[in-house]
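Read off the chains here:
There are 2 protein chains.
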Amino acid sequence: MKIVCSQIDLKNSLSLVSRAVPSRPTHPILGNVLLVAEKGKNQVTLTGFDLTLGMRSSFTAEVEERGTITLPAKLLNDIIGHLPDGEVSFSFDEEELDDNPMVAINSLSGKFQLRGVRGDEYPELPTIDTDDKFLLPVTALKEGLKSALFSASSDETKQILTGLHLTRDGDSLEFAATDGHRLAVAKISEEIETDDSSNFALTIPSRALRELEKIISTSSVDDFVSLYVDEGQIVFELDNQSLTSRRLDGAYPNYNQLIPKTFERSIVVDRKMLINSLERVSVFADGKNNMVKFNLIASTNELNLSVEARELGNAKEVVNVEITGDDFQIGFNIKYLMDGLKAINSDNIKFSLNGATQPVIINPLSGVDMTYLIMPVQIKD
Amino acid sequence: MKIVCSQIDLKNSLSLVSRAVPSRPTHPILGNVLLVAEKGKNQVTLTGFDLTLGMRSSFTAEVEERGTITLPAKLLNDIIGHLPDGEVSFSFDEEELDDNPMVAINSLSGKFQLRGVRGDEYPELPTIDTDDKFLLPVTALKEGLKSALFSASSDETKQILTGLHLTRDGDSLEFAATDGHRLAVAKISEEIETDDSSNFALTIPSRALRELEKIISTSSVDDFVSLYVDEGQIVFELDNQSLTSRRLDGAYPNYNQLIPKTFERSIVVDRKMLINSLERVSVFADGKNNMVKFNLIASTNELNLSVEARELGNAKEVVNVEITGDDFQIGFNIKYLMDGLKAINSDNIKFSLNGATQPVIINPLSGVDMTYLIMPVQIKD
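Protein chains in written order, with the numbering used here: chain A, 9 to 389; chain B, 9 to 389.
Note that these hints are calculated values from the structure, not bench results.
Errors might be hidden in some of the hints.
Identical copies carry no separate label here, and so any pair may be met within one copy or between two of them.
[Claimed, not checked] Simulated pairs of lysine-lysine, DSS-like, Cα-Cα distance not exceeding 27 Å:
| id | residue 1 | residue 2 |
| --- | --- | --- |
| 1 | Lys358 | Lys119 |
| 2 | Lys119 | Lys343 |
| 3 | Lys324 | Lys10 |
| 4 | Lys222 | Lys388 |
| 5 | Lys141 | Lys82 |
| 6 | Lys350 | Lys195 |
| 7 | Lys350 | Lys280 |
| 8 | Lys154 | Lys82 |
| 9 | Lys141 | Lys343 |
| 10 | Lys119 | Lys10 |
| 11 | Lys82 | Lys119 |
| 12 | Lys119 | Lys166 |
| 13 | Lys19 | Lys343 |
| 14 | Lys343 | Lys166 |
| 15 | Lys301 | Lys119 |
| 16 | Lys166 | Lys82 |
| 17 | Lys358 | Lys222 |
My request is simple: use the sequences and hints to build the entire structure.
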């Protein structure tokens with residue numbers, strides 16, 4: 009192998025695929041990244057893979073001699089990150105390939121030798137057995153993921169609930185996630201007509217989608233992500249980057265039936281003002297006691313917030329709101345409430361309520377069509 | 009007690025004194041800060057104290073009723089940090105003082121009640137039995153601490169070596185610190201004549217001096233820090249802030265006799281260029297292997313740096329230097345070397361050397377009069 013590339017292209021690709029390299033690999037070679045240089049293409053492809061999530065990125069390089077090798081991800085990142093801007097070359101002698109060759113990495117200002125491991129010992133990324141692809145607009149993905157992904161469970165024993173359920177139905181994409189205590193659903197109409205018109209419904213691990221969020225965070229508004237799906241795997245592709253993940257098996261809960269259709273009362277409130285007040289009273293909330301009490305005074309349109317930590321003290325705030333219905337008291341897990349308020353992107357929001365133990369719905373009054381359902385916490389006197 | 013003060017004054021004082029509040033207090037009250045409001049003075053004083061280091065800060069406040077109370081530092085910081093700019097009031101009923109009263113903290117946008125503990129249960133800060141004070145210019149302190157403090161030992165069993173030795177001799181202040189592997193000495197002439205002319209020599213715990221560094225980091229160049237000293241304690245004072253610490257007992261090593269006076273060879277090198285090269289080769293240095301090899305080629309005035317990690321690989325750099333003497337090889341602990349190079353504030357520096365196992369001296373060629381002594385590491389072949 010002999011290649012010459014730019015430090016910045018290499019650094020960017022490497023930091024992307026390194027996110028799929030496990031910090032404590034179950035097998036040593038999974039701590040490496042795979043580097044493939046193809047002669048005809050003048051292109052180098054890097055791959056990181058932890059057997060669940062795979063990330064691949066290609067960049068332009070001068071390929072003088074083709075070759076395949078794996079290198080320790082952490083050391084390689086350290087080396088490349090410290091190099092100055094400019095050309096970097098990689099080379100090793102193919103004849104030494106059987107003995108884990110020393111790969112020479114040379115730049116304007118330093119010569120490194122790094123022990124490689126043969127590429128054919130690196131596991132193959134699963135391939136997708138289809139050419140059918142769905143084109144997903146980047147803006148729809150950004151909005152949908154921001155609105156729903158935070159509600160997925162982080163408890164690995166909850167399996168299907170650790171993923172986000174993505175449904176395509178005609179022109180609309182629906183993103184849903186729930187951990188059993190709260191549910192977030194965002195419905196986004198695709199702005200642009202695409203060639204494919206098939207519908208799908210699949211559950212994707214949160215971790216893969218968090219990486220997808222990072223990949224699309226810098227792309228332009230009119231980009232599309234290609235999605236390939238088969239029975240077990242999905243692949244997202246954008247430009248020269250791709251992300252491979254297994255799908256989550258099993259039936260996703262029929263969440264739409266959990267959302268009440270009629271309500272006895274409602275509150276309209278300025279979202280940022282409510283967040284600021286909740287942040288202040290939350291100083292008395294902790295792992296054991298994380299309930300904020302909402303006390304609605306209909307006559308004055310006031311929402312009294314309070315958090316009580318019996319031994320330490322308490323905090324109270326008053327927020328001006330618009331109340332429909334009579335005086336009412338209800339308790340929330342302050343963390344779940346804040347998560348939802350922060351994911352919403354609207355100046356004003358509406359709480360729709362029934363009884364003090366029945367699910368509460370929060371909707372933005374503008375922007376993304378989103379529904380956040382949160383179960384109240386029982387107030388003990 | 010009833011006081012009204014500004015959120016920003018309170019926040020600044022509180023975050024200062026909280027640095028002396030232990031995160032795991034040996035006695036619950038040490039997790040609190042002491043708040044004293046004196047009627048005549050219209051001033052509030054906060055104190056944090058971990059029985060070794062004490063910090064005190066005063067600020068102007070409207071004192072409607074005097075009082076003394078302690079409040080949990082962490083919760084109080086959380087509350088005050090979340091409040092908007094503006095007035096904050098503290099009040100409690102003196103008649104409830106015996107029962108750990110609830111202290112009402114009110115601001116424009118929230119009411120808090122926080123359980124206090126009587127101030128007379130809080131330990132007294134040690135007092136200094138002298139009115140004699142030394143005036144230390146802030147600029148001299150900044151330069152001296154930056155140049156030497158990093159070399160103090162962090163190993164608590166090394167007692168006196170965990171401190172910095174500060175000597176005043178006529179117009180000059182000398183800062184010295186060593187951990188047994190390296191020694192940093194900075195000699196700074198005081199720019200301004202002061203009233204007091206007595207000399208002193210004392211060893212001060214590093215932790216207290218790191219806090220002093222933060223206190224003086226924002227003060228103006230012509231400020232003076234007052235230093236009060238007695239047998240067991242020292243106090244630094246600047247404006248309305250004070251820092252109290254015990255002194256370290258015992259005789260500080262006679263470090264000046266460790267510094268060689270004659271040398272067989274020397275290197276002059278661009279400091280930043282050397283730091284950049286060392287950072288790149290250091291990717292192969294770790295806890296077990298942290299030696300960088302210097303290979304001096306006199307004929308070409310080249311310094312070859314290399315780090316070898318037998319199994320993983322190696323790194324080499326060439327730096328242009330000015331060499332006096334013949335070809336030579338020497339090894340250094342790369343961390344100790346970097347620490348010294350980063351503390352020096354001069355474009356060019358000089359290494360003065362004798363044999364490969366004898367102490368090496370590094371001096372800046374301009375700026376602060378500083379000497380960094382580092383013991384070489386033996387090169388094994």
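Here is how each hint holds up against the structure:
Taking the shortest alpha-carbon separations for Lys358 and Lys119, only the inter-copy value of 25 Å comes in at or below 27 Å, while the best intra-copy value is 61 Å. Taking the shortest Cα distances, Lys119 and Lys343 sit within 27 Å of each other only across copies (21 Å), while inside one copy they are farther apart (51 Å). With identical chains, the CA atoms of Lys324 and Lys10 are at most 27 Å apart between copies only, with a shortest distance of 20 Å across copies and 67 Å within one. In this homomeric assembly, Lys222 and Lys388 never come within 27 Å of each other (Cα to Cα): the closest approach is 42 Å inside a single copy and 47 Å across copies.
Taking the shortest Cα distances, Lys141 and Lys82 never come within 27 Å of each other, neither inside one copy (34 Å) nor across copies (53 Å). Only within a single protomer do Lys350 and Lys195 lie at most 27 Å apart by alpha-carbon distance; the minimum there is 18 Å, versus 54 Å between protomers. When the C-alpha separation of Lys350 and Lys280 is checked against a cutoff of 27 Å, the pair qualifies only within one copy, where the shortest distance is 9 Å, while the shortest distance between copies is 44 Å. Within a single copy, Lys154 and Lys82 get their C-alpha atoms no closer than 30 Å, and across copies no closer than 32 Å, so neither meets the 27 Å cut-off.
Proximity of Lys141 to Lys343 under the C-alpha cut-off of 27 Å is found in neither arrangement, the shortest distances being 38 Å within a copy and 52 Å between copies. Taking identical chains as interchangeable, the C-alpha atoms of Lys119 and Lys10 lie at most 27 Å apart only when both belong to the same chain, with a minimum of 15 Å there against 68 Å between chains. Taking CA atoms no more than 27 Å apart as the test, Lys82 paired with Lys119 passes inside one copy only; the shortest distance there is 18 Å, against 50 Å between copies. Taking the shortest alpha-carbon separations for Lys119 and Lys166, neither the intra-copy value of 49 Å nor the inter-copy value of 40 Å comes in at or below 27 Å.
Taking CA atoms no more than 27 Å apart as the test, Lys19 paired with Lys343 passes between copies only; the shortest distance there is 25 Å, against 37 Å inside one copy. Taking the shortest alpha-carbon separations for Lys343 and Lys166, only the intra-copy value of 20 Å comes in at or below 27 Å, while the best inter-copy value is 46 Å. For a Cα distance limit of 27 Å, the shortest separation of Lys301 from Lys119 across copies, 15 Å, qualifies, whereas the shortest one inside one copy, 63 Å, does not. Taking the shortest Cα distances, Lys166 and Lys82 never come within 27 Å of each other, neither inside one copy (32 Å) nor across copies (35 Å).
When the C-alpha separation of Lys358 and Lys222 is checked against a cutoff of 27 Å, the pair qualifies neither within a copy, at 30 Å, nor between copies, at 46 Å.
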